[in-house]
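Asker: Here is how the chains run, residue by residue.
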Amino acid sequence: MFPLAVAALACLRAYSPRERGEKLRSPFVPIFLGDRVPPRYLLRVTEQPRLAEQNAAVLLPEPFVKWFGQKGWSPRAHQLELLAKAQSGQSVLMIAPTGAGKTLAGFLPSLTALANRPKRKPGEGRRGIHTLYISPLKALAVDIERNLGKPVEEIGLPVTIETRTGDTPSHKRQRQKLAPPDILLTTPEQLALLIASNDARRFFEDLRYVVLDELHSLVTSKRGHLLALGLARLRAFVPGLQTIGLSATVAEPDELRRWLVSQASPGAMSELIVVTGGAKPDISILDSEERVPWAGHSARYATPEIYREIKRHKTTLLFVNTRSQAELLFQELWRVNEDTLPIALHHGSLDVAQRRRVEKAMGENALRAIVATSTLDLGIDWGDVDLVVHVGAPKGASRLAQRIGRANHRMDEPSKAILIPANRFEVLECRAALDANYLGAQDTPPLVNGGLDVLAQHVLGCACGAPFHADTLFDEVRTAAPYVSLDRPTFDRVIDFVATGGYALRNYERYARIRQTKEGLWRVSNPAVAQQYRLNVGTIIEVPALNVRYVRAGSRGAASRGGRVLGKIEEAFLETLTHGDTFMFAGKILRFEGIRENECFVSNAPGSDAKVPYYGGGKFPLSTYLAEQVRAMLDDPQRWKKLPEQVADWLRFQADKSILPKRDDLLIETFPRGNRYYLVAYPFEGRLAHQTLGMLLTRRLDRAGAKPVGFVATDYALAIWSLADMGWMFKNRKPSLATLFDQDMLGDDLEAWFADSWLLKRTFRNCALISGLIEKRHPGKEKSGRQVTVSTDLIYDVLRSHEPDHILLQATRTDAATGLLDVSRLAEMLSRIRGRIMHKNLEQISPLAVPIMLEIGKMPVNGEADETLLMDAATLVEEAMGARDD
Amino acid sequence: MNFSLSRATLIAEADLVGIAGERAVCDRRGVLYFPDLRLLAVSDLHLEKGSSFARRGALIPPYDTGATLLRLQAVIADYQPRIVVSLGDSFHDRGGAERMHQSFRERLEAMMAGRDWFWVAGNHDPEAPADLPGETVNELAIGSLVFRHEPSKLRVEGEISGHLHPCARIVQRGRSVRRRCFAGDGGRMVMPAFGAYTGSLNVLDRAYAGLFRLETLVAYMLGAERIFAISGSMLRPG
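Chains A and W are the protein sequences, given in the same order. FYI, the numbering for the first sequence is 3 to 888, going by the working numbering. FYI, the numbering for the second sequence is 409 to 646, going by the working numbering.
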């Protein structure tokens with residue numbers, strides 16, 4: 003195909019004269035890659051662009067047209083469409099796959115408006131911020147500054163662009179307040195800070211556009227709630243403010259469209275532009291010659307086959323679900339790396355410098371393979387990847403789509419990907435995900451109502467900015483989509499909480515943080531409150547983690563200063579280690595030497611086996627959609643043909659020995675084994691929901707006299723073991739399974755379990771920090787994770803027994819129910835299976851039950867068994883020492 | 409409390425520990441009872457810690473004083489001691505006793521009535537609590553026992569102290585359990601903090617260096633139903 007013909011077909015395509023006849027260039031890509039990197043994008047414009055082309059000259063100011071001409075480029079249809087909508091005063095959501103030039107599209111309205119802006123007259127005051135760009139990642143903001151600067155300079159636009167992140171030095175921040183740039187690139191936390199300053203209204207008075215990048219990932223978290231409230235505030239400062247949302251594909255675009263605009267008239271939505279296109283990825287499931295294991299998450303069996311694929315391709319990106327899987331796969335690959343190919347490791351816990359080195363090497367195409375976790379999911383462009391390998395189950399189908407998209411940015415060349423299931427259930431899941439991808443099914447978590455802890459933070463922030471009237475702020479808050487259904491009494495309780503803690507025992511009136519003036523305005527009671535607020539802003543709660551630092555073996559870190567830092571590891575994991583234990587981290591086998599203050603000392607232990615396994619499977623729950631697909635597949639022997647033979651055999655055996663559940667049924671098997679009785683249920687609802695179900699069922703079984711001893715949950719199934727014969731009990735309806743699985747377990751049983759669950763304490767801690775009950779930082783001293791944990795646990799106990807209806811406990815329960823416990827999913831499941839429970843009472847374990855039975859003992863049974871452990875320890879002591887006689 | 413367990417059922421022989429020849433009960437609720445002296449020791453109540461935080465802008469729930477007193481009331485009702493020793497840091501700060509709500513003051517006074525009550529001075533509350541009965545002392549010697557807030561650097565047999573808020577941690581089957589504890593080596597005893605908002609510090613921390621004979625160190629960890637005596641060699645730092 004020669005370029006002119008292509009250009010004629012898809013009018014907006016352009017090619018570079020410099021590379022005439024060789025390569026098509028997309029118009030804007032070089033802007034975002036810098037000049038050194040060769041263009042990697044080829045466009046496939048799937049919309050009819052004629053109209054847009056006609057509009058191009060009208061929409062684009064002269065200097066832009068000239069610049070495009072010089073470069074031999076022209077804008078794409080969706081970029082112009084967005085410009086047209088923005089110029090007509092609309093807010094817009096643009097959904098586009100990676101590589102569609104959507105970031106530039108987002109800035110076009112601002113750049114053109116700024117180009118047309120009349121020159122500042124002498125004596126005219128300084129202009130404020132024109133456009134605010136908000137991204138979830140600092141790095142992304144920095145990237146944009148670099149890459150937007152170039153065309154702005156070449157076009158000769160009188161536009162200033164600056165970043166403002168946590169790393170921006172304070173003198174620069176001060177200067178930005180006095181002389182703001184036209185375009186400010188920043189993060190949600192910085193926006194919250196700007197809003198809380200007393201000159202906020204003036205600072206934002208010239209604001210026209212807010213560009214929100216990676217919107218799909220922002221909206222699902224509490225950061226999104228805070229940002230939505232910030233936007234509502236900006237809209238109050240500047241009526242008519244326009245938003246431009248940029249997002250990857252999502253299941254429910256309308257949710258994001260509502261999110262982008264004021265909900266003063268509920269249900270209002272922004273305009274929508276969807277850029278389709280991109281070739282269907284070429285995905286296969288590894289049909290291993292090895293035996294696919296029953297259980298586990300390592301996929302170790304496939305290492306030689308993975309290595310073969312790495313050798314066959316230029317650059318391979320290997321994605322795994324958790325850090326521990328990444329470490330393990332990395333080790334395994336190097337074990338077989340006979341050609342010493344450059345294979346690197348990348349995950350969020352590694353030291354930043356180390357990560358940057360890997361990223362740089364990757365950008366320079368110096369690596370053959372990178373083992374990575376989700377840290378690479380978002381953001382920046384990568385080198386020339388020609389294969390994506392996904393190890394382990396891909397969990398949500400949209401995650402899969404996102405990750406495959408990483409493979410290449412040529413929208414019309416198929417991406418190549420191989421899925422490596424780590425166990426047999428994952429084979430089913432991979433198959434389902436694969437089918438879903440071809441079907442174009444998308445699968446993102448539904449948006450939840452805004453958190454009350456976040457609202458409390460925002461209310462205090464508003465007061466720090468300027469005194470507010472409760473009525474006005476209430477109306478404003480309800481224009482933010484996550485808070486559209488907030489009721490007034492709850493809002494008033496939040497204000498009360500911010501003021502004096504909101505306790506029934508009104509002890510703290512004299513310590514109030516905000517007070518009402520005679521005119522009824524709420525204002526901060528003293529400047530220290532605002533100062534404290536600024537240090538604690540944000541919703542990101544870090545898991546307590548320690549630096550991992552090299553020392554000489556055997557030194558316990560006592561004498562030596564120690565060597566370099568390898569990264570950070572969660573305190574919870576380190577707590578289970580004892581001196582001399584070996585574990586994998588940063589691609590090395592390390593020996594644990596000891597902990598001092600916030601550092602964990604390790605030494606090299608090459609050659610030894612990592613003794614301590616770190617369970618990290620199933621970090622992401624199986625999505626509802628995939629779960630349904632897996633159940634459908636089990637129910638349809640026709641579809642087994644697509645499965646590897648050994649897996650299909652496994653299902654046939656199951657049909658033979660027990661039964662396979664119908665698509666909407668819940669299969670429950672009971673059987674004796676050893677001196678225990680087992681119940682295995684297969685809801686396929688994800689580990690969180692299963693864990694919650696397990697907790698509740700054991701309570702109920704205990705009441706029924708089944709003497710349950712323990713349970714274990716995976717993404718696919720739940721196993722409970724007991725001393726009494728549960729099979730006999732269910733058969734004789736003592737109790738019946740229908741009664742056992744009745745929805746009423748979500749009432750009192752859930753409440754009772756909530757009461758003393760460690761999960762609730764963890765959630766409470768987050769709420770306490772975000773709402774400002776406890777400080778994340780205090781001027782001059784950082785609190786260590788442990789100090790905060792201890793005190794919030796104690797506060798939780800005291801508050802729960804004295805004021806169980808306190809607003810913060812309410813926020814905690816809501817959070818836990820949606821997040822950690824997945825109660826809503828469990829509720830849906832319980833209602834789905836009513837009257838559809840199939841019970842199979844077996845003599846022995848069924849083929850389908852093998853995977854979960856293998857997990858028993860491997861997974862820590864999280865829960866309330868601390869006393870038993872203490873008892874064990876105490877007994878050990880007694881045995882070892884004999885009866886003490888002092 | 410309407411009922412109280414008889415003291416006889418509270419004190420099983422097995423639960424008794426020896427401290428410099430005196431017999432004592434490490435109660436799982438975090439108090440130490442000497443049956444022969446009818447003396448109850450409790451440490452680090454940190455009353456009014458909540459309001460102390462609130463004063464500095466952290467509006468944590470104001471229920472800690474009430475919670476702590478309720479628990480104290482329960483153990484006093486159970487043991488009916490003749491002497492009560494509060495081992496220092498009874499109030500979280502100097503103004504604590506003054507800030508305390510009238511209803512709490514009355515509850516406390518009711519507990520104190522009819523028994524000898526000693527406030528040992530602590531670093532948080534070096535002075536006598538405002539407007540409360542009881543005797544404030546720097547330290548107190550009864551029989552072979554010495555009660556003081558901070559454990560002394562030199563070994564003192566029979567010393568009962570607090571201040572350090574000991575806790576202990578064990579790891580069993582890949583899981584870690586941390587609990588408040590009494591820490592003793594047969595010669596001296598450091599008591600756990602009793603207050604509702606008091607944090608804790610691992611007995612293997614440097615702050616405890618030199619306090620105990622390590623070969624006889626036992627952490628009496630507080631369980632939900634009972635005390636768990638764990639020998640020093642099984643404990644983990646952190």
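Keep in mind the hints are simulated off the structure, nothing from the lab. Every residue, glycine too, gets a C-beta built ideally from N, C-alpha and C. It is possible that part of the hints are untrue.
Said to hold, decoys possible - Heads up, incomplete: computed chain W residues facing chain A, CB under 8 Å, no partners named:
(1) Leu467
(2) Ile468
(3) Pro470
(4) Tyr471
(5) Tyr605
(6) Gly607
(7) Ala637
Stated by the list, open to error - Counterexamples of contact, computed for chain A against chain W with all Cβ distances above 12 Å:
(8) Val144
(9) Gln176
(10) Glu478
(11) Arg508
(12) Arg512
(13) Ala514
(14) Gln533
(15) Glu573
(16) Asn677
(17) Leu796
(18) Leu801
(19) Ala875
(20) Ala876
What the hints assert, rightly or not - Residues on chain W that point at chain A, a partial pick, calculated with CB under 8 Å:
(21) Gly465
(22) Ala466
(23) Ile484
(24) Ala485
(25) Phe512
(26) Arg513
(27) Arg515
(28) Met519
(29) Val579
(30) Gly646
Asker: All hints are to be evaluated individually against the structure, with a verdict given for each.
Answerer: Okay, the hints, checked on the actual structure:
1. At its closest, the beta carbon of Leu467/W sits 3 Å from a beta carbon of chain A; the interface hint therefore holds under the 8 Å criterion.
2. Against a cut-off of 8 Å between C-beta atoms, the interface hint on Ile468/W holds, since the closest Cβ of chain A lies about 5 Å away.
3. Taken as an interface hint, Pro470/W checks out: its beta carbon lies about 4 Å from the nearest beta carbon of chain A, inside 8 Å.
4. At about 4 Å, the closest approach between the beta carbon of Tyr471/W and any beta carbon in chain A falls short of 8 Å, and the interface hint on this residue holds.
5. The beta carbon of Tyr605/W comes within 5 Å of a beta carbon in chain A, closer than 8 Å, and the hint placing it at the interface holds.
6. Residue-level restraint check for Gly607/W holds (minimum Cβ-Cβ distance to chain A is 4 Å; threshold 8 Å).
7. Given the 8 Å rule on beta carbons, the hint for Ala637/W holds: about 6 Å separates it from the nearest Cβ of chain A.
8. The Cβ of Val144/A lies farther than 12 Å from every Cβ of chain W, with a closest approach of about 34 Å, so its non-interface assignment holds.
9. Look at Gln176/A: its CB is around 26 Å from the nearest CB on chain W, clear of 12 Å, so calling it non-interface holds up.
10. Taking the minimum C-beta to C-beta distance to chain W, about 24 Å, the non-interface status of Glu478/A holds against the 12 Å cut.
11. Not every CB of chain W lies more than 12 Å from the CB of Arg508/A, the least distance being 9 Å, so the non-interface label is violated.
12. The beta carbon of Arg512/A is not kept farther than 12 Å from every beta carbon of chain W, the shortest such distance being approximately 9 Å.
13. With 12 Å as the threshold on Cβ separation, the claim that Ala514/A sits away from chain W is violated: the shortest Cβ distance comes to roughly 9 Å.
14. Separation of Gln533/A from chain W is inadequate, the least Cβ-Cβ distance of about 10 Å not exceeding the 12 Å criterion.
15. Residue placement check: Glu573/A does not keep its beta carbon more than 12 Å from all beta carbons of chain W (closest about 8 Å).
16. Every Cβ of chain W is farther than 12 Å from the Cβ of Asn677/A; the closest lies at roughly 20 Å, confirming the non-interface assignment.
17. A beta-carbon of chain W is positioned within 12 Å of the beta-carbon of Leu796/A; the least distance is around 5 Å.
18. Not every C-beta of chain W lies more than 12 Å from that of Leu801/A, the closest at about 5 Å, which undercuts listing it as non-interface.
19. The Cβ of Ala875/A sits about 5 Å from the closest Cβ of chain W, inside the 12 Å cut-off, so the non-interface label is violated.
20. With 12 Å as the threshold on Cβ separation, the claim that Ala876/A sits away from chain W is violated: the shortest Cβ distance comes to roughly 4 Å.
21. At its closest, the beta carbon of Gly465/W sits 6 Å from a beta carbon of chain A; the interface hint therefore holds under the 8 Å criterion.
22. Hint status for Ala466/W relative to chain A: holds, with the closest Cβ pair at about 6 Å, below 8 Å.
23. Violation of the interface hint for Ile484/W is found here, the shortest Cβ-Cβ separation to chain A being roughly 20 Å, above the 8 Å cut-off.
24. For the restraint placing Ala485/W at the interface with chain A, the shortest Cβ-Cβ distance is roughly 19 Å, beyond the 8 Å limit, so the hint is violated.
25. Hint status for Phe512/W relative to chain A: violated, with the closest Cβ pair at about 11 Å, above 8 Å.
26. Look at Arg513/W: its Cβ only gets to about 14 Å from chain A, farther than 8 Å, so that hint breaks.
27. Interface hint at Arg515/W: violated, since its Cβ lies 14 Å from the closest Cβ of chain A, which is beyond the 8 Å cut-off.
28. For Met519/W, the suggested interface contact is broken, since its CB lies about 19 Å from the closest CB of chain A, more than 8 Å.
29. Using the Cβ-Cβ criterion of 8 Å, the hint placing Val579/W at the interface with chain A is satisfied: the shortest such distance is roughly 6 Å.
30. Because the beta carbon of Gly646/W sits about 5 Å from the nearest beta carbon in chain A, less than 8 Å, this interface hint is met.
Comparing the model with each numbered hint stated earlier shows that hints 11, 12, 13, 14, 15, 17, 18, 19, 20, 23, 24, 25, 26, 27, 28 do not hold.
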